[in-house]
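Trainee: Add chain V with the ligands to chain B, keeping to what the hints say.
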Amino acid sequence: MSEYELPLVFFTVLCQWAVGSIIAMTALMTVQPIWLNEETRFNRLRYMALAILAINIVGSFLSLLHLGSPLGAYRAILGLGHSWLSREVVAFFLLNGVVFIWAAVVFRFNRNRALVKSVSFVASLAGIAAILVSAQVYYQMASHPMWHTLITHLNFIATAILLGFVTISLMVAVYQYRQHAPQGKIPGLLLTGILLGVLLMFWVVLWYSHGVNGQGQMVRSAIAVLGSGLMGWLIFGGLITGTCVATYLYKQSSISMVGATVLMLVILSAAVCGRMLFYSGVMSQSPWF
Amino acid sequence: MVRQYGFLVDMRGCYGCKTCSMACKSENATPTGVLWRRVREFTFDDPNGMAFISMSCNHCDDPQCMKVCPADTYSKRPDGIVVQDHDKCIGCRMCIMACPYNAPVFDPVEGKTSKCNLCAERLDEGLKPRCVESCPAGVLQFGDIDELRKRYSADLSRIETHYKLPDHNISHPNIVIIPAGDKE
Ligand code: SF4
Ligand code: SF4
Chain B
1 MSEYELPLVF FTVLCQWAVG SIIAMTALMT VQPIWLNEET RFNRLRYMAL AILAINIVGS
61 FLSLLHLGSP LGAYRAILGL GHSWLSREVV AFFLLNGVVF IWAAVVFRFN RNRALVKSVS
121 FVASLAGIAA ILVSAQVYYQ MASHPMWHTL ITHLNFIATA ILLGFVTISL MVAVYQYRQH
181 APQGKIPGLL LTGILLGVLL MFWVVLWYSH GVNGQGQMVR SAIAVLGSGL MGWLIFGGLI
241 TGTCVATYLY KQSSISMVGA TVLMLVILSA AVCGRMLFYS GVMSQSPWF
Chain V
290 MVRQYGFLVD MRGCYGCKTC SMACKSENAT PTGVLWRRVR EFTFDDPNGM AFISMSCNHC
350 DDPQCMKVCP ADTYSKRPDG IVVQDHDKCI GCRMCIMACP YNAPVFDPVE GKTSKCNLCA
410 ERLDEGLKPR CVESCPAGVL QFGDIDELRK RYSADLSRIE THYKLPDHNI SHPNIVIIPA
470 GDKE
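Just so you know, the protein sequences line up as chains B and V, in that order. This note's numbering applies: residue 1 is where the first sequence begins, and numbers increase by one. This note's numbering applies: residue 290 is where the second sequence begins, and numbers increase by one.
Isolated chain B, as found in the complex (with noise of 0.2 Å):
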C-alpha cells in the first residue's frame, strides 16, 4: 500500500484549506466591514470566493482517486449507519453544496451585506462540522493509536486555520500593496488566527514527540514521523514560516503578489508534507502484524 495515501492528502488539505478560508474571510467581514462596503474590496472577495469554491470542488474530486473501483463510489454511502467514512462523504456532498451557494451568494448577491454574512457564518460551522467528520474516520481505527485520538481533530482544524488565514491576510496584503493608498493595518484578528493554526499545529508535532515514550505501534509510528524529512518542512515551512508571516504583516501590512504567492506555496507544502506524515506514520508500519 503507499505510505503516503497522496489523494487522500490532497483531498484533506485541500478541502481544510477552502473551509480554513472561509473561515478567515467571515473574520474579516465581522472586523472590518469596510470589506463588504467598498466596491473595489468588495470585488477581491468575490474573485477569492470563486477560487475557494473550485479549491474545495477539485479537493473533493481527489478524493476518488483513492477508490480502487472509482466507478462504485455511489456505494461508499451504503454504510451510513457505522462507517464514518461513508458519513464523510454525505457531509462533504453537502458542504460543497453549502460553499457552492456561499460562493454564489458572495459573487451574486452583493448588495445584501447582512445576507452574505450570515451565510458566509453558516458555511464556517458546516465546513467545521465537515472537518471532524474527516477526522473521525481515523478516530474510528482504535487499533491505530497515532489516529485513535482527539489530536487528530487538532490536526485538521490546525491545518484549516493556519492555511485559511494565511490565505486571507496575504489577500488583504496584497490588495493594499496594489492600491498605493496610505494602508490600514492587517486586522489583528486575521494574523492571531495564523498564531493559533501555528500553535495547534505546534501542539500536534508536540505530541508526536511525546508518542517515543509510548508503546508499541505509537512509539514505531512517533519515530517514523519525527525521523523523516518532511517534519523539518513542516517545522520550517508551516510553524516558523507561519510565524514570520504573521510578525511580517503585523509590521509591513502589504506585500507584493510574487511574495504572497511564494510565502502561500511554502506553507502549503509544508501543510501537505505535515498530512503526508499523518497517513505515513500508521500506514509504513502496515502489515501490523
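In case anyone wonders, no lab produced these hints; they're calculated from the structure. Honestly, I wouldn't trust all of these hints.
Listed next, the stretches of chain B that the computed footprint assigns to chain V, with coverage defined by at least 3 CB atoms under 8 Å from CB atoms of chain V [said to hold, decoys possible]:
no. : stretch
1   : 63-76
2   : 135-146
Some chain B residues close to chain V (C-beta under 7 Å, calculated; not the full set) [said to hold, decoys possible]:
no. : residue
3   : Gly79
4   : His82
5   : Leu85
6   : Ser86
7   : Gly214
8   : Tyr248
9   : Gln285
Even for Gly, the Cβ is constructed at its ideal location relative to N, Cα and C.
Mentor: Below, chain V with the ligands alone, put in the same frame as chain B:
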C-alpha cells in the same frame, strides 16, 4: 446451532510449511499477491529458535472491518462468520487499515479487497475449512469457539506481549492460540 465459529492454532506443532496458506489460495482461487491466510514467522536468539503463527480472519465479535466499511460489504452470519459481499466493495481499503490482523487484502488489478470467509460454502455442505483440512501437522483446528476455549484456555494477553500481537480488546477475535513451548 453454533453461536460463533473460530480457529484454534496450536503453535507447538507448526514448522512453517505454509501448506494452509497455499491450500486457501487454491481453494478460493485468489489472484496473484492475495493471500487470505498467512504464516507469520518469529525468530528468537535467546535461545535460538523460530515460531510460526498461521492466521487469517478471526471473525471477530466486534469486527473493525464491518464498522468502517462505507459500502456495507461486511456482515456477520448467525454462526459468527464475517462474510464480505465482494461485488459491493469499492476498494477504499478502510477495512485493511482498520483490521488489527491484516486479514483483508487489496488486489490492485481488480481494485477491490477480499478476505477469508471461513470457507462458508464448504461449512454449509458439512465440510471443514480447506486450511484446517490441509495442515499436515494438525496445527489448525476449527469449531465452536466456546468449545475450543473450554478445551484450551490460553491467556491471549500473554501471547500478545510475547509475539507482539495486537490487543484482543480492540476487536475480540475468535481465535485460540496455544503458544510454542507450552506444556500439554
Ligand atoms: S480479523 Fe479483521 S477482517 Fe476479520 S473480522 Fe476481525 S477485524 Fe474483520
Ligand atoms: S475496501 Fe471494500 S470491503 Fe474494504 S472497507 Fe472499502 S468498500 Fe469495504
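Trainee: Which earlier hints can't be squared with this structure?
Mentor: 7, 8 and 9
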